[in-house]
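**Q** Sequence:
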Amino acid sequence: MTQNELRDFLNEKAELYNRPDFIESDPIQIPHLFTQKEDIEIAGFLAATIAWGNRKMIINSAHKIIDRMGNSPYDFVMSHRESDLDKLDDFVHRTFNASDLKTFLKGLRHIYQNHGGMEAVFEQHQSEHSMQPAISAFKKIFFEIDHQERTHKHISDPLNNSAAKRINMYLRWMARKDNKGVDLGIWKNIPMHKLSCPLDVHSGNVARKLGLLSRKQNDAKALLELDTALRLLDPNDPVKYDFALFGLGVFEKF
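All residue numbers for the sequence shown refer to this note's numbering, where the first residue is 1 and numbers rise by one.
Among the clues, some could well be false.
Quick list of in silico lysine-lysine cross-link-like pairs, BS3-like style, CA-CA up to 27 Å [said to hold, decoys possible]:
no., residue 1, residue 2
1, Lys37, Lys177
2, Lys180, Lys37
3, Lys106, Lys140
4, Lys216, Lys188
5, Lys180, Lys139
6, Lys180, Lys253
7, Lys188, Lys253
8, Lys106, Lys216
9, Lys153, Lys140
10, Lys209, Lys153
11, Lys188, Lys177
12, Lys37, Lys140
13, Lys139, Lys221
14, Lys140, Lys209
15, Lys56, Lys140
16, Lys64, Lys106
17, Lys56, Lys253
18, Lys209, Lys139
19, Lys56, Lys188
20, Lys140, Lys102
21, Lys153, Lys139
22, Lys209, Lys64
23, Lys177, Lys102
Worth flagging that the hints you see were computed from the coordinates, not collected in a lab. Quick caveat: nothing in here was measured; it's all calculated off a predicted structure.
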């Protein structure tokens, strides 16, 4: 396949999957429940945090979190008392348990109270070409609160060679200006060309079959390789191809 043929093929697949009915089967439906910016940010962050494994299970678990927060994520984060967190005691999603969730809610409050909110942290720490340094900085700031060491693993650090799939997906949701109504695009000061493709087993395998990726591990080095290839295909909106790679892998078993 030539470069132009590959671009045409992936544009066609991105067009096929980047449409509103994608929302019904994807965790992105969770932030779509809300209209207030902070509610969208928090709901999206929590849904993205637990987005590994069976998609139906992810969505069910995310709904349980939102329900226990009284369907008002920002209000709960900012005004909860310690006793309010008791209603989270039975929550578990794979290795993310109630203790982790309580820490995450306290970390979010710290971000909003002391650092100007989610968007401000990522905006302030973005580099000229990438959001990966901002993800690393966000993790440090998020865990300035008292926390158990075990909870650290639930936010990846690209500077430790992680592909940081879930938080890159979250950034796509928040910052990509999507004229199809899937990605929410509520963050205005993070350019789309800096966003990175959420690299996982499905997107990685498809990318390798298409010659977009040669590295075998799905790590930060592979992410840089994939980003570089996708930015050649569309310098302004490279992560639209996440829809193509994901759709080809999950729905078409490419």
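**Q** Each hint: holds or not?
**A** Results of checking the hints against the structure:
no.: 1; hint: Lys37 with Lys177; in the structure: holds (15 Å)
no.: 2; hint: Lys180 with Lys37; in the structure: holds (19 Å)
no.: 3; hint: Lys106 with Lys140; in the structure: holds (14 Å)
no.: 4; hint: Lys216 with Lys188; in the structure: violated (35 Å)
no.: 5; hint: Lys180 with Lys139; in the structure: violated (31 Å)
no.: 6; hint: Lys180 with Lys253; in the structure: holds (24 Å)
no.: 7; hint: Lys188 with Lys253; in the structure: violated (35 Å)
no.: 8; hint: Lys106 with Lys216; in the structure: violated (37 Å)
no.: 9; hint: Lys153 with Lys140; in the structure: holds (12 Å)
no.: 10; hint: Lys209 with Lys153; in the structure: violated (30 Å)
no.: 11; hint: Lys188 with Lys177; in the structure: holds (9 Å)
no.: 12; hint: Lys37 with Lys140; in the structure: holds (23 Å)
no.: 13; hint: Lys139 with Lys221; in the structure: holds (19 Å)
no.: 14; hint: Lys140 with Lys209; in the structure: violated (36 Å)
no.: 15; hint: Lys56 with Lys140; in the structure: violated (31 Å)
no.: 16; hint: Lys64 with Lys106; in the structure: holds (18 Å)
no.: 17; hint: Lys56 with Lys253; in the structure: holds (18 Å)
no.: 18; hint: Lys209 with Lys139; in the structure: violated (33 Å)
no.: 19; hint: Lys56 with Lys188; in the structure: violated (31 Å)
no.: 20; hint: Lys140 with Lys102; in the structure: holds (18 Å)
no.: 21; hint: Lys153 with Lys139; in the structure: holds (10 Å)
no.: 22; hint: Lys209 with Lys64; in the structure: violated (37 Å)
no.: 23; hint: Lys177 with Lys102; in the structure: violated (31 Å)
Violated hints for the displayed structure, listed by number in ascending order: 4, 5, 7, 8, 10, 14, 15, 18, 19, 22, 23.
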